[in-house]
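Participant: With the hints as constraints, model all of the structure from the sequences given.
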Amino acid sequence: MTCEEHAQSLLAHYFKTLYESCGLEWNSDSEGEMMDIIDSIKQAVIFELKEKL
32 MTCEEHAQSL LAHYFKTLYE SCGLEWNSDS EGEMMDIIDS IKQAVIFELK
82 EKL
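Converting from the sequence shown to the numbering used here requires adding 31 to each position, the first position being numbered 1.
I should point out that these hints are in silico values taken from the structure, not numbers from a laboratory. Even for Gly, the Cβ is constructed at its ideal location relative to N, Cα and C. Watch out, some of these pointers could steer you wrong.
[Unchecked claim] In silico DMTMM-like cross-links for lysine to aspartate or glutamate, where the CA-CA straight-line distance does not exceed 25 Å:
1. K47 to E64
2. K81 to D67
3. K81 to D70
4. K81 to E51
5. K47 to D60
6. K47 to E79
7. K83 to E64
8. K83 to E51
9. K81 to E36
10. K47 to E82
11. K47 to E62
[Unchecked claim] DEER-style ranges, computed between Cβ atoms:
12. E36 to E56: 25 to 33 Å
13. S61 to L84: 29 to 37 Å
14. E62 to T33: 19 to 27 Å
15. F78 to M32: 12 to 20 Å
16. L84 to C53: 30 to 38 Å
17. G54 to K81: 33 to 41 Å
18. S61 to E82: 25 to 33 Å
19. S59 to K81: 25 to 33 Å
Facilitator: Structure below.
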């Protein structure tokens with residue numbers, strides 16, 4: 032698994048857990064709404080990691 036794939040997986044799990052803990056139902060619509068946010072965070076994290084390497 033690449034760094035980018037791992038970041039994507041962790042962020043998706045985090046948002047799903049957060050969504051459900053707030054009493055909201057996680058479904059394909061929820062996932063679609065979060066994908067833009069997840070992608071932005073993922074890109075920022077990867078940029079920071081690459082700067083440190």
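Participant: All the hints need checking, so say for each whether the structure fits it.
Facilitator: Evaluated hints:
{"no.": "1", "hint": "K47 to E64", "in the structure": "holds (11 Å)"}
{"no.": "2", "hint": "K81 to D67", "in the structure": "holds (21 Å)"}
{"no.": "3", "hint": "K81 to D70", "in the structure": "holds (16 Å)"}
{"no.": "4", "hint": "K81 to E51", "in the structure": "violated (32 Å)"}
{"no.": "5", "hint": "K47 to D60", "in the structure": "holds (12 Å)"}
{"no.": "6", "hint": "K47 to E79", "in the structure": "holds (24 Å)"}
{"no.": "7", "hint": "K83 to E64", "in the structure": "violated (30 Å)"}
{"no.": "8", "hint": "K83 to E51", "in the structure": "violated (34 Å)"}
{"no.": "9", "hint": "K81 to E36", "in the structure": "holds (15 Å)"}
{"no.": "10", "hint": "K47 to E82", "in the structure": "violated (29 Å)"}
{"no.": "11", "hint": "K47 to E62", "in the structure": "holds (8 Å)"}
{"no.": "12", "hint": "E36 to E56: 25 to 33 Å", "in the structure": "holds (26 Å)"}
{"no.": "13", "hint": "S61 to L84: 29 to 37 Å", "in the structure": "holds (33 Å)"}
{"no.": "14", "hint": "E62 to T33: 19 to 27 Å", "in the structure": "holds (21 Å)"}
{"no.": "15", "hint": "F78 to M32: 12 to 20 Å", "in the structure": "holds (19 Å)"}
{"no.": "16", "hint": "L84 to C53: 30 to 38 Å", "in the structure": "holds (35 Å)"}
{"no.": "17", "hint": "G54 to K81: 33 to 41 Å", "in the structure": "holds (37 Å)"}
{"no.": "18", "hint": "S61 to E82: 25 to 33 Å", "in the structure": "holds (32 Å)"}
{"no.": "19", "hint": "S59 to K81: 25 to 33 Å", "in the structure": "holds (31 Å)"}
In this structure, the hints that do not hold are numbers 4, 7, 8 and 10, in rising order.
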